[in-house]
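Engineer: Protein chains in written order, with my numbering: chain A, 1 to 253; chain B, 1 to 253.
All clues given are correct.
Now the in silico label distances, taken between C-beta atoms and shown as ranges:
| # | chain 1 | residue 1 | chain 2 | residue 2 | range |
| --- | --- | --- | --- | --- | --- |
| 1 | B | E145 | A | G85 | 26 to 36 angstroms |
| 2 | B | P71 | A | T137 | 24 to 34 angstroms |
| 3 | A | D180 | B | N100 | 28 to 38 angstroms |
| 4 | B | D73 | A | A212 | 34 to 44 angstroms |
| 5 | A | G85 | B | N23 | 21 to 31 angstroms |
| 6 | B | A253 | A | T137 | 20 to 30 angstroms |
| 7 | B | D73 | A | D180 | 18 to 28 angstroms |
From chain B, some residues computed to sit far from chain A (all C-beta separations above 12 angstroms):
| # | residue |
| --- | --- |
| 8 | K37 |
| 9 | I70 |
| 10 | T137 |
| 11 | D250 |
Simulated from the structure, these hints should not be mistaken for laboratory data. Ideal Cβ positions, reconstructed from N, Cα and C, are used throughout, including at glycine.
Number of protein chains: 2
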Amino acid sequence: MRNIALRLRYDGTAYHGWQVQKNDVTVAETVENAIFKLTGERVRVTGCGRTDAGVHALRYCANFKTECSIPTDKFPLALNSRLPGDIACVAATQAPEDFNAILSCVKKEYTYRIINSRIPDPFERDRAWFYPAPLRTEVMERAAEKFVGRHDFAAVRSVGTETRTTVRTVHWCEVERQGDLISIRVCADGFLYNMVRAIVGTVIYCSEGKLAPEEIPALLDTRDRRLTGPTAPPQGLYLSRVWYDGAVGDMMA
Amino acid sequence: MRNIALRLRYDGTAYHGWQVQKNDVTVAETVENAIFKLTGERVRVTGCGRTDAGVHALRYCANFKTECSIPTDKFPLALNSRLPGDIACVAATQAPEDFNAILSCVKKEYTYRIINSRIPDPFERDRAWFYPAPLRTEVMERAAEKFVGRHDFAAVRSVGTETRTTVRTVHWCEVERQGDLISIRVCADGFLYNMVRAIVGTVIYCSEGKLAPEEIPALLDTRDRRLTGPTAPPQGLYLSRVWYDGAVGDMMA
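Here chain A stands alone, though its shape is the one from the complex (with noise of 0.2 angstroms):
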């Protein structure tokens, strides 16, 4: 029995996420569909994280037990053959048995897309947030910064998800802008339920004056979501790395 990991990228447009959900199409039913389909083993696939419906992801690490004899190096080509164009299996490797996509995870980074132009750009239509006022990104950078370090995320999440604590580390949360395309990335050893999009929606509410930087510590101490800026828009948001030890992580790098 072999623990296979797999390197993912995809357009998540079409999808209601990455988790199996009862009646919609996922990216992992669909990946499972395309394993079915290779080697007749119905597995259960363990994805790095959840995605929700409309996001993407550059790399995304999943893995899967198998008992069947193609070699690990065959499985990038043989699933892409049998999976939609929207995603790819850009590499494969064998894992230590005790490998866990999410358990195993060292850290992750998420990058938010906006595009901040009066125009809208129809190839960006799925892929960014169309925010045409303008927006100060100094401003925006001084709101990010806010959110490094060891804090509790409560007042920058959803509720729908349980999880032991909300304490969480952010390693970096950074603004850049190029042209009309402004990016967020935010690192972190784990993630609440739509924490990126909360810290996105809070940062351009610094943008905005509905709040000033120097806010967001107080704000994040009342743990009350109703305080901070709303929830930004799926389609701008990325799954853009994943850090593990070992051969996992050398194929995510």
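Once you have looked at the hints, place chain B on chain A.
Structural biologist: Positioned in the frame of chain A, the structure of chain B alone reads:
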């Protein structure tokens, strides 16, 4: 009565090309409907060229006559709020009475995008030709330059559109590689039906060793479409630039 020229940008994935057809949804019809919603006028929009189903436009020029009193500079935002997200109006200007988006066009450039990688990119699936076998860029460059100049291009067009002559002047035909992305840019005073896609297919033929770049001039002389390469798929093709004199030329620059 004003003659308004629009600068458009569209993702052609969902459309049966530019030109209005009986049963299929086209870009022209969608733009005409947006103008109707805005002005109450049923106008006929003239485009700078026909694009096929699935072909995109980074810059596209269209013009129409109107008796409405809406200021010209209000058209972009007003149209965008009435257009679907895959078509955007980037700018508008008042054109001379006799301006015609296709007849007044001085030259046009198309860009063809190829993703040359063993692994498909989900974010490029409707926006480039996925070509997994290795391509020899240097051979492609030598093949491309054979199309430059004044030639009879009957050997690289699909039959279907009537045209007075099949002689055109290609100003440049260039291949550029950046990582996995190969771009082929072709500029000419005019294009025959499917001409760029047949040129791309012929350039690829040369990379595959099915044809030598040196044979291309003689093949063009035969005027025989069966001797050149296949028509490359539509999703890699973009109308990238259009040139005009005067104010419309400034708007499209």
